[in-house]
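Place chain D on chain X using the hints.
Number of protein chains: 2
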Amino acid sequence: MSVLYRLLRARRLVKNGHSFYVADVPKVTEEHRLARRAQIVAAARTCVIEEGFHKTTMADVIRESGLSAGAVYGYFKSKEEIVAAIAEDALSTIDELFQKILATEQAVTPLMALEAAINHVVAVAERPGGDVTRVAIQAWAEALRNPAIMATACDKYTVLRGNFEAVARRAQADGTVDPDVAPEYIAQVLLALIPGFVLQRLIIGDVTPSTYLAGARALFRS
Amino acid sequence: MSVLYRLLRARRLVKNGHSFYVADVPKVTEEHRLARRAQIVAAARTCVIEEGFHKTTMADVIRESGLSAGAVYGYFKSKEEIVAAIAEDALSTIDELFQKILATEQAVTPLMALEAAINHVVAVAERPGGDVTRVAIQAWAEALRNPAIMATACDKYTVLRGNFEAVARRAQADGTVDPDVAPEYIAQVLLALIPGFVLQRLIIGDVTPSTYLAGARALFRS
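First to last, the sequence lines map onto chains X and D. Each residue of the first sequence is one higher than the last, beginning at 14 in the working numbering. Each residue of the second sequence is one higher than the last, beginning at 14 in the working numbering.
These are calculated hints, taken from the structure and not from any lab test.
Heads up, the list lumps identical chains together, so a pair's fine if it works in one copy or across two of them.
Pairs of lysine to any residue, SDA-like flavour, derived with a Cα cap of 25 angstroms:
id: 1; residue 1: K68; residue 2: S91
id: 2; residue 1: K169; residue 2: A227
id: 3; residue 1: K169; residue 2: D219
id: 4; residue 1: K68; residue 2: K90
id: 5; residue 1: K113; residue 2: T171
Quick caveat: nothing in here was measured; it's all calculated off a predicted structure.
Isolated chain X, as found in the complex (with noise of 0.2 angstroms):
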């Protein structure tokens, strides 16, 4: 009995008119979900790159995408999943990167952390497949409108805050910063400097890590 159980669950018990027997079906890997929800992700900001977040419908993305409606609603039940998982993806990577930061031996200083996180925006915006970072600025918007967008937008920048609070806490300890100003403040003006970058790399144009990270180092202690 365990033992149909368990071929029940790999597999699929087919009824014919005579007896039952066990077919094979095609077995949808971890590797393979995620390569299709990649896929999907990728049409999503292709379609909002190219026509907005707000023209862009779930039509839209399943046509880009080359999958059926089905095999789409069975990742994403909306736009707005798809906008969290595009910027999920966008920022995935980053928590990595503050864990690096904060395990160095050296002193942590705020230019340390600005530093690694511009130019870790310009190497994802730069990933072929579209720039994200384009992706990130109409999000903005829509939050303003969109509830669940909104939600998602606190909770991503409300994380990646966190990240920047962690190293203003690590200078504190290391004495590179005031230990007497509160780390979430330090947080708010170091987060802010993520999209003052990206809004001026996309509308004025002449913005660099080079010469932004200039600017910085002339106007941080540290």
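Quick look at chain D alone, frame taken from chain X:
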């Protein structure tokens, strides 16, 4: 002849069956013109805040303003022109602010300029008639796909950044900032702190001028 010419410019020369006569026409004063313009800009701000830039149409603005279509089109030919006017109005007082900062006898510091700018942004955002920073965020998103909005945004932010650059030059002359760093790079970082504040204020919601400036004082040299 020159008297007639002056009458023609000021009034309307009417011809009936028998003779010419000069009729009085409603005198559109500059004051009246500015009040009408402000009425349209306020209506557009309300629409964009409530419906989003994308969904707002000229018909919505006309309805919200209570004026005729002819009256509205007499001032603005498109949504893009109205958004430019909203930006113009929101940023027009900031030049005076920077002139005041640069006129001081004291040493000018980046922190002084940042403090004044952040307090100004919050004061403007809290004016009755709707938070204009909500329009700004939508204009950033729209700029990515609308060249007219992009050109306006680029112009306005370049002017604002020029003010921060003037502060940086003055601070370098006063000896409060390293004179060897290009003032335009310093201005890139100072400008970034404005949208970075605006976004956190609207999306995370816990940032105030007082927390933000405390954070900046901990990070900045001067």
